[in-house]
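Put together the whole structure using the sequences plus the hints.
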Amino acid sequence: MEAKLNIILEEAQESLKNISSRAEYETFKARLMGPRGSFTECGKGIGKLPKHERPIIGKHINIIKKELELIFKQTLERIQGIELNQSLGTGIDPTLPSPDISSGTHHILSQVRREICSIFHKVGFTVAEGPEVETEFYCFDALNTPPDHPARDAQDTYYLPQSFKSGNLSRREDERYVLRTHTSTVQVRTLLAENPPLRIISPGRCFRRDTMDATHCANFAQIEGLYVDKNVTVKDLKAILDYFSRALLGEKARTRFRPHFFPYTEPSFEVDFYSAHLEKVGTEWIEVMGCGMIDPSLFEAVEYNPKEWTGYAFGMGLERIAMILYGVDDVRYFYQNDLRFLKQFL
Amino acid sequence: MKISHQWLTRYLGLNKSSRDIEDALTLIGFEVEGIEKLGLQHLKNVKVGEVVSINLHPQADRLTVCEVNVGGKDGNRQIVCGAKNFKIGDRVAVALPGAELPGGIKIKKSKLRGITSKGMMCSPKELGLSDDHEGLHILDAHFEIGLSINEVLPQGDLVFDIEVTPNRPDCLSYIGIARELGAYFNQDFSYPKVNIGFNEDGPVNNLIKAVQVDTKENCPHYRAYPIEGIKIAPSPDWLQLLLKSVGLRPINNIVDITNFVLHELGHPLHAFDAKKIRGQELKVRLALKGEKIITLDGKDRELEPDMVVIADKERALVIGGIMGSIDAEVDEKTTDVVLEAAYFDPINIRRTSRALGLTTDSSYRYERGVDPCGAENAALRAISMIQEIAGGELISEPYVAGGPVIIERKIELTPEFVHRSLGFNVESKIIKETFGKLKLNVDTYETEDGNEKWVVEIPSFRLDLERPIDLVEEILRIYGTDKIPVATVMTPGLLREDDLVSVFLNKASDYLVGQEFNECSNYSTRNEKELLYWYSNTDVCNLGLDNPLTSDQSHLRNSLIPGLLDSLKLNQSRGNNPMQLFECGRVFKEREGRVWELISVAFIIMQTPNSEIWLVREEPDFHKAQKNTTRILEFAGINLSEEEFTPIEKRKAWQTGHAAETGDFLNGYEIEVGLVSLSMLKNWGIVGNILAGDIYLQPEFLKRDRGRPHYLAFSQFPPTTKDLAILVDSNVLAGKVKLDLEKIAHACINDEFELESVSVFDLYEGRELPKDKKSLAFSLVFRSLERTLTDLEVNRIFGEIQKNISEHTDYEVRS
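Protein sequence lines correspond, in order, to chains A and B.
Numbered according to our numbering, the first sequence spans residues 1 to 346.
Numbered according to our numbering, the second sequence spans residues 1 to 815.
The hints are simulated quantities; they were obtained by calculation from the structure and are not laboratory data.
One should not assume that every hint holds.
[Said to hold, decoys possible] Covered stretches of chain A (in silico footprint by chain B; criterion: 3 or more residues with CB under 8 Å from a CB of chain B, positions within the stretch not fixed):
{"id": "1", "region": "122-130"}
{"id": "2", "region": "235-241"}
[Unchecked claim] Mimicking DSS-like on lysine-lysine, the simulated pairs with C-alpha atoms at most 25 Å apart in a straight line are:
{"id": "3", "chain 1": "B", "residue 1": "K624", "chain 2": "A", "residue 2": "K343"}
{"id": "4", "chain 1": "B", "residue 1": "K439", "chain 2": "A", "residue 2": "K307"}
{"id": "5", "chain 1": "B", "residue 1": "K432", "chain 2": "A", "residue 2": "K307"}
{"id": "6", "chain 1": "A", "residue 1": "K235", "chain 2": "B", "residue 2": "K483"}
{"id": "7", "chain 1": "B", "residue 1": "K453", "chain 2": "B", "residue 2": "K439"}
Glycine residues also receive a C-beta, built at the ideal position from the N, C-alpha and C atoms.
Here's what the structure looks like:
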C-alpha cells in the first residue's frame, strides 16, 4: 500500500509538469482524486488492512494527500498564468517599426542658439530680444554709422517704403524703417531701456541684401553679447571668448584676436578659433566672430558716462558656427527644411 | 589690396619668410586673403648645368639620355629628358634630387624606361617663370656651372592680397604697409627719393595760365604742375613688372608713373595732355545738368549737377578724383603734360562713384580718405620719376587753388588709462617706442600728482586717431594681441531674467518637439503673389520692401504657414514622408494700414495618415490641432476654453466649417486653427489634407504683469451629478448652449449651493432626430461648500432648470 501511494505521488509529480491546459488538469485530477480515482481508492482500501497497520498507513495517506494538494495547487496557478497570457493574444514583435510618426526635432540653428545662450548664461548673461523691423536710429545712427556710410546703402540694406507705418514700433523722428542688419540694435535698445551693469546675449534674425549662395543668405541668424560694467578691460574680453571657445569646442580650443575695425567698438578684433575638432573642416585658424571694447561714443549716444562705464561687445553668425560645428557646407540647407537634414541633429 | 613683396622691398627690406610676413600682416590687422607666387621662388637644389652629350633613349623615341655637367664633385650626371629645344653646350636649370619645384613636384633619382635619371632639366613652367612648357628654359648667358639658379635668374615675387579695413585708408599704399610692418618688426622704412630739377631760366610756360576752383567744399585743394618736353614710351621693365604684379596694365611711362605713385603713396594723381587743354586753364566745377563725358574706359557718361569735374574753357575733361576723359588723355603723341594733385571730399566722391557705377583705384582712395596734406608730396614724387624716366622739365611753379586741409590733432594719454583699458601692464618705454615706430610724435609731461602724461601728435595721414582709446588700440596692435594675458571669467549672478519672448518660444518649441513635430526655418520674406493668394484680406502693399533684391522675396511674411507648406511640399516631392512641421519666429500683420510685428508659432499636421505601414493609426483631427494651440498659449499664461473659439467662414486660407479662431492680436494674441483650404492646397501642389495652427502674440503682451492666481476654497463634500440631453439646431455651437445652460442653472440655484461644472459628454446626430437637429448631452455637477446635498434639493433645482430651458430658450429638453 505504501509503495502504491508513493507511485501515485511520483506519477502526479511527473505528469503535472507537462500539463498546460485546464481540461488536461481536470481529467488528470479526476483520475487520482475523483470518486474512483487511484488515490481515492487507496483511502477506501484502508479498512481492509490489519488493524495495527491502519494508523501508519492512514498517516502516510495524509502526508501524500498534502503533497498532492500542493502540487495540484501549484499546477493550477501555473495554468491560470498561461490562460491570462493567452487572453492577450499573440505576443509582440519588438523589432517591428513603430507605427507612430518619427521623433520631433529642434532645428539645428535653434540648437546652436540655445547652446550658445546656455554657455553665456553660466557666466551671467541673459537673453534680450528686439524687433526685426527696426528704425535707422537703432540700426545705424546709434551705432556710429553716419548717413553716408556704405552699410546704409540701399544696395546692402533692405528698406521699407517711406510710407511704412508700424503698429508697435515708434520712430524718433522721420527716419526710415529697415530690416535690421545686425542684432546690435538689441544692444542699443537694452542700453537705453535698462541700467548698467548689463550682461546680455541677443540672438535673432538679421537681413542683408545679399544674393544667395553657399555662404551667403539674405536672412541669417546672429547672436551678440554685450557687457557693461565698471573697469571692463581687453583682458576680460579675451577671457570670456577663451571661455566660450573652450565651452563650445573643448578644453584644447584656442582663440586668436586679429585687430579689425567696427564703428561701435574700439579697439576691435576679429576672432579666430583653433582646435583639433576644427581641423576636420580644413583650416588652421578659422574666423568665428567679431568683438571689441564698446566705443566711448556709443556710450555717449545712449547717455552713459564713458568715464564711468566700460564694456565689451561680440557677435557671431549662427549659421557659420553651425557649419563649423557640424561640417555643413551650404548655408541654404538651413532654410530648405529637408527632413533628411533636420533629423540628422537629434 | 595687393601688395607685392618686391615692390615693398623698395621701402622696407624684410629678411623674413612669407609665412612670417603673412602672420605679421594678419596680427596687426591686415587679414591676408591670399598669397600669389609670381616668377622664380627660392628653389633648393636647382643649379646651372651644361649639356655635355645628347643620345637617343634606346626604348623611347621621344626621350633623350643626356650627360649634364652641374659642377662640383658631382660632375657629369645622366638625365633623361623629353624636350627637344636644346643642344650640346646649352646652359640650363637642373633640378637635382631633393629639389622641390612649384606645384609640389619633388625630384628624386628615378628610372625612365629603364634608364637611370639623376635629376631634371627644367622648363620655364617648372621653374615657375611662365606657363611655357614647350621646352627647356635655356639660360641666355653663360652663367657659371653649379651656381644656384636663384643667383643667376631674377628673383620672383610674392603678392599678398590683404584686407584693409575702412578706418585705414593710409594703408592703401606701400608706404603705409611699410610703416606698419616696420613697426611690427622693429625695422625702419624709407620714403622714396624726390629729386627735382627746376630750371628758372627754362622755357616760358605756355601750357596753362590759370587754375580755378568753383566748388571749394568738394575740392579744397588743387595743384597743377606744367611739364614740358617729355618723351612718351613704354615704362622701363622694372616698373612694368611691379605694376603687373598687382594686376595693373602698363600703358605708357606717364600714366604708369601716376599709377605707381598712387600705389606707392596712396595719393591719386592725374596727368593731362597739356595741348588738349583748351583755353590754357583748368577749372574745378560742378557738372552741368546732362553734361556728357567719355571716360577712359570708353563709356559715354551723363553727369549730374552734384558731380565734380575738372574742365577747360569748353568742356569737362575729368570726373574729379574718379576718371579722366579721352579728351585730355595722354597718348603716344603727347609731349607736354599738366600733372594734377588734389584733395576731393570723400562723401562727394562716394556718391558720384555709386551713381555712375564707376569705382577706380583713385575713387576708392578718395572716398576712404587720402592724406589731406599729401598732394604736394605725391606730385613731387611723380615729377621726380617723370624727369628720370620720361625726361621733361617742370617749367613753372605749380598753379594752386586752396590748400591742404590741416587738421592738427594732439591726444593726451596717460599710462594709467592704457592700463585701465587693457587690463594689463605694458611698459611705458614700449608704448613710447610703439608710437615712434608708427610716426606718432610723443611729448612726455609730468602731471601735478607726479605721474607721467603723454601728448601724442597725430600726423595728417592718420585720420582715424582721435581719442585716447584709439591710441590704446595702436599700442595693442603693435605690442601683439597674442600677449594679452590669460585670465579667468568673473562669474557674478544674473542681473535680469531671459527675455520672455525667448522663454515663451523655447517652451512652445519644446512642447511641439515633444509632440513629434520637426522644427523648420523659412525666410522672413515671401512674394506678393503668395500673400495675395493666401491672405487676400490683407492690404499686402503695406508689407512690401522698398528695395527687394528678387521678386520672390519682396514682402514681409504675415504668417509662418505658407513657408511650412513649402517645406512640406519639398519633403513630399523628395519622398521624405513629412507629417508634422512647425516654426517659431516673427511675422508681420497688417491692420488698417499699420504693420504689427508679432511673435508667432505655427504648425501643420498631415491629416491623412501614412497608409504604407503595417499598423494604421487614427487620423488626427481638428480637436488635436486646437488642443496644441491652447496648450501653447498656456505658456503665455492664457487658459483658453473651447467655447472661446468661433468658426472661421469664407477666408481663403481656411476650409469653411473646419477651422476656428479666437482672440485679436491687437489685444494681445490671436489663434487660427483647423483645416487648410482644400482647393488652395490642391493649387499649391500639396497632396492630402493639412491641419494647421497659427498663433500670434504681441511681444509686449508676454511682458504684461500676470500676477499670481488667488486660492479658491474647494468643497470637502461629495458632488451630485445630473445628466441633461438637449435638442438644438445643428448649427448652434455647443459652447453657446453651455453658456445658456450655465446662466439658467445659476439663476435657478440662486446661491443655495454651487454649480461646479457643466460639460458636454455626448454629441448625437442621426436618423432618430429631426433633420437639422442635434442632441447635446451635458453633465451638471452640483456641490456645496458646507454640506452634502440631498437628492431632494438637487432634483428640485434640476427640475426648475429643465422647465426654464423649455420655457425660455429655443432648446428642447430630451427626456
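Going through the hints against the structure:
Counting residues of the region 122-130 of chain A whose CB falls under 8 Å from any CB of chain B gives 7; the rule of at least 3 is met. Chain B is given as covering the region 235-241 of chain A, and this holds because 5 residues of the stretch bring a CB closer than 8 Å to a CB of that chain, at least three being needed. Taken as a hint, the K624 of chain B and K343 of chain A pair is honoured in the structure, with Cα atoms around 24 Å apart against an allowance of 25 Å. For the hint linking K439 of chain B to K307 of chain A, the alpha-carbon distance of about 28 Å lies beyond 25 Å, and the restraint is violated.
This hinted pair checks out: K432 of chain B and K307 of chain A have alpha carbons roughly 24 Å apart, not beyond 25 Å. About 10 Å separates the Cα atoms of K235 of chain A and K483 of chain B, which keeps this hinted pair within 25 Å; it holds. Annotation: proposed proximity of K453 of chain B to K439 of chain B holds, straight-line Cα distance about 18 Å (limit 25 Å).
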